[in-house]
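S.K.: Single-letter residue listing:
There are 2 protein chains.
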Amino acid sequence: MGEQGLAAKVAPRSVRLDPHDNLAVAVDAIERGVAVHGVAAVERIPRGHKMALAPIDAGAPVIKIGQVIGFALSAVSPGEWLHEHNIGLKDFERDYRFAEDAGRLPSLRAEAPATFEGFRRADGRVGTRNYVGILSSVNCSATAARFMAEEIMRSGVLADFPNIDGVVPLVHGTGCAIDTEGEGFEVLKRTQWGYATNPNMAAVIMVGLGCEAFQIDRWKQAYGIAESERFRSLTIQQTGGTRRTVEAGVAAIRNMLPFANEARRETVPASELVLALQCGGSDGYSGITANPALGAAADLLVAHGGTAILSETPEIYGAEHLLTRRAASRAVGERLVELIHWWEDYAARNRGVMNNNPSPGNKAGGLTTILEKSLGAAAKGGFSALAEVYRYAEPVRAKGLVFMDTPGFDPVAATGQIAGGANVLAFTTGRGSAFGSKPTPTIKLATNTPMYERMVEDMDINCGDILDGVPIEDKGRQIFEHILDVASGRRTKSEQLGYGDHEFVPWQIGATM
Amino acid sequence: MGEQGLAAKVAPRSVRLDPHDNLAVAVDAIERGVAVHGVAAVERIPRGHKMALAPIDAGAPVIKIGQVIGFALSAVSPGEWLHEHNIGLKDFERDYRFAEDAGRLPSLRAEAPATFEGFRRADGRVGTRNYVGILSSVNCSATAARFMAEEIMRSGVLADFPNIDGVVPLVHGTGCAIDTEGEGFEVLKRTQWGYATNPNMAAVIMVGLGCEAFQIDRWKQAYGIAESERFRSLTIQQTGGTRRTVEAGVAAIRNMLPFANEARRETVPASELVLALQCGGSDGYSGITANPALGAAADLLVAHGGTAILSETPEIYGAEHLLTRRAASRAVGERLVELIHWWEDYAARNRGVMNNNPSPGNKAGGLTTILEKSLGAAAKGGFSALAEVYRYAEPVRAKGLVFMDTPGFDPVAATGQIAGGANVLAFTTGRGSAFGSKPTPTIKLATNTPMYERMVEDMDINCGDILDGVPIEDKGRQIFEHILDVASGRRTKSEQLGYGDHEFVPWQIGATM
Ligand SMILES: [Ca+2]
Ligand SMILES: [Ca+2]
Ligand SMILES: [Ca+2]
Ligand SMILES: [Ca+2]
Ligand SMILES: [Ca+2]
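Those protein sequences? They're chains A and B, same order as listed. Numbering-wise, the first sequence is residues 1 to 513 according to the UniProt record's numbering. Numbering-wise, the second sequence is residues 1 to 513 according to the UniProt record's numbering.
Note that these hints are calculated values from the structure, not bench results. Just to be clear, a hint being listed does not mean it is correct.
Where chains are identical, the list cannot tell them apart; a pair therefore holds if satisfied intra-copy or between any two copies.
[What the hints assert, rightly or not] In silico SDA-like pairs for lysine to any residue, Cα to Cα no more than 25 angstroms straight-line:
| # | residue 1 | residue 2 |
| --- | --- | --- |
| 1 | 189 | 431 |
| 2 | 189 | 219 |
| 3 | 189 | 508 |
| 4 | 189 | 346 |
| 5 | 90 | 74 |
| 6 | 189 | 353 |
| 7 | 363 | 213 |
| 8 | 189 | 347 |
| 9 | 363 | 215 |
| 10 | 90 | 353 |
| 11 | 363 | 181 |
| 12 | 220 | 431 |
| 13 | 363 | 180 |
The whole structure should be built from the sequences, with the hints applied where relevant.
M.R.: Laid out in structure tokens, this is it:
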């Protein structure tokens, strides 16, 4: 018996991602005549490609994950293969339709308000972790910052302060020889401030060299930061060298520990969660399993009054219409379009071009239009209205779904979101990213079962079972419950492994001089 | 008795930096009528400023550290203050005079050939240290790389291999979401290759995630790198997650240790030294103490057949004539000018401008022209002919004084030089930088005695005593001997402190997408 014969005996898997969809995605190839979702294929549907489930009139929208991904170029019958030959974009791509579509939210059906156990801070915000941070103003003080953390760990003193999750050094490769009037410098200042004030930080020390462009005193002044039991700073040059600085820093941290240890978890509403949404190492399943499942979880969070941060501007580039239509107001939509123009200029200045169109490989894999490709990335934000748009590392204070401008590169994107105040992070991955962050815990969602099984020590949740029939709504609820657990203290896989000390990567914009 | 009265009783210090100089620099203010170097001041010379020691005709060159820093605007008498009112640049700044001036070298006076104890490698080059390196292709594998190093340290296994200096993780914040056709990607590839092959490395392992833009296999192919007892690579995705990857990496490193431990120091000529020249945290003394003293040491090294790498293009910008005149050939000089043009474009693309002119503060401190300012930075290269010009992280194979294009930012500049093959690094500092590097040891030279004393645990050599009368030639010889000692295994201050695990910072050029 040949492979063909064997395959014919096993029903091909396929997914219909949303009740509004007029198509199904073939997880396995669907042979002609084989029926899925009650519709028989009238031609062979390749693996990863789309089959119409309903008649679609010429010019009518093709709907995937409840969103328009294109329009039928001619009338399409149920069972037909949907791809470039019969889907086009018309003028959709030039029409932002600011704020025309209401966001769609799951009804909570008299559900009990969701809660978690968090650390309420003096400013009213809530942490999910209780870290002491060691920031460095410049690479020149990175080693001193690391030495402080190592000495605190080596000393065993943290055993006396069980409510502290750890001491985390957050060092980087810049901080000097950059234009102090440029946007790169502003980004660094915001990022440092955002980490210093992230609600997952109980207290922070910042160590500098002394002569660097990033002057700690000027930065403190700019943000109104005063020395206190939750913030201390020092420089190597003023303290008289490395050894004395490490000694003084360790002493300062030891003095912070009793205060930091006073924090206690209490029951707080889920509305206090600020969830960063990330994907990295995407694959052909990202857009149909983990991303929409995370989107369902994000919608639940928003329905409960919380905040979800969608980011990675290059991955929605060219399909920003997906979001402008859901913008809470024209002004919010226009801010998103401004970001898009900033990126075009940024790429041009760096001798590149923005291009998020499906590649030949994407198309072979079944992605037809830029809307469909970007929808896969944006799906992790769910269907809520877009409440606000932020620049990189700006403080996120709005409730609901918001967008923060970041690159797609995972550590840089996550650094911006955590600086913005994210207190929990969910990260979808197909190829198997091993990312983890501090002070904000990262939950990793596998898009497919084989990778989940191969990297089970790094993956928190398998979304690959969506391909086997688990409804996205159920998976979304599982993720939401897991987020609440992690927010309450359950340790993620990356926390168990010890990730987070090397993933602080502020976005570098501009020349290193 | 007032301060003035007290000061008058103490002879003001001043330095004449080279026998060819027609001026002295006032270390302390010189009051009218007070004589230094046998010449009485005819007016008050402020601290840090210049006084003529000989008559200078109108239009004749003003010479400092043996170099032209400008031309007399009118006839100048001995004892006169030299500054903007009587020094100008004429058309000097537009005249490269390629290769017109022979480099000037100290005569070695039948001196015995200098040697050091180094590790001769299979390719003929010589190491001054014997490290095992752990490179990462992308930030996504940084934590795995660190964990491997930590596990090797924790295990105590290195005690059985006394000829190995250590295992050094070299991680960074990029490697993905960058233009793989752009120059930033080329720079990263060269940098990684340069570290993998630096003669201070006995063996190297490289760890990746798997799906990153920096594909280890393609990089190996590009440089003809094969897996061997001195090079191993692996990825997290292929190995099945973080824990297994760390385990596999540690096993691979353990297998490398016996080979790495076979290296033995042997007596080799000083011509095998490739000395990286750096300054950071400069002050008003850099250009008259530590930099010319290091220049004297560099000249000695070149006279012995070795190599010295001058860098930090922004700090010689606008005064590249200092070097084009000393170029070994017109072609070498033209390559330097090409770099200058590249930087003008780089700055413009990043919305900045190149400007190395003396600032108002520089001028108040006594620096008159851009030539004088840049001369202070370039002085650490001495007076040798310029043998070759390299791009960032290119392999340095020429003997003599060479120039490598780098930013001024210390960790980025040093990373390029070490990637280029530098096996020892000398770093002058006035404010007190705490820099240290691996696998190449950094020797730190203080420009002034108060900083040296305040940061003596970080500083290797005090050049501040030049202000008290120690001749630059003597200080240069002291530095040269110290370099030979360090090359032979003597540990620098930054090595004693443990620096070098956080200062690998490849130059990021281009957009992070
Ligand atoms: Ca992505
Ligand atoms: Ca990403
Ligand atoms: Ca410099
Ligand atoms: Ca400098
Ligand atoms: Ca420098």
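S.K.: Please write out, lowest number first, the hints stated earlier that are contradicted by the structure.
M.R.: Of the numbered hints given earlier, the structure breaks none, since each of them holds.
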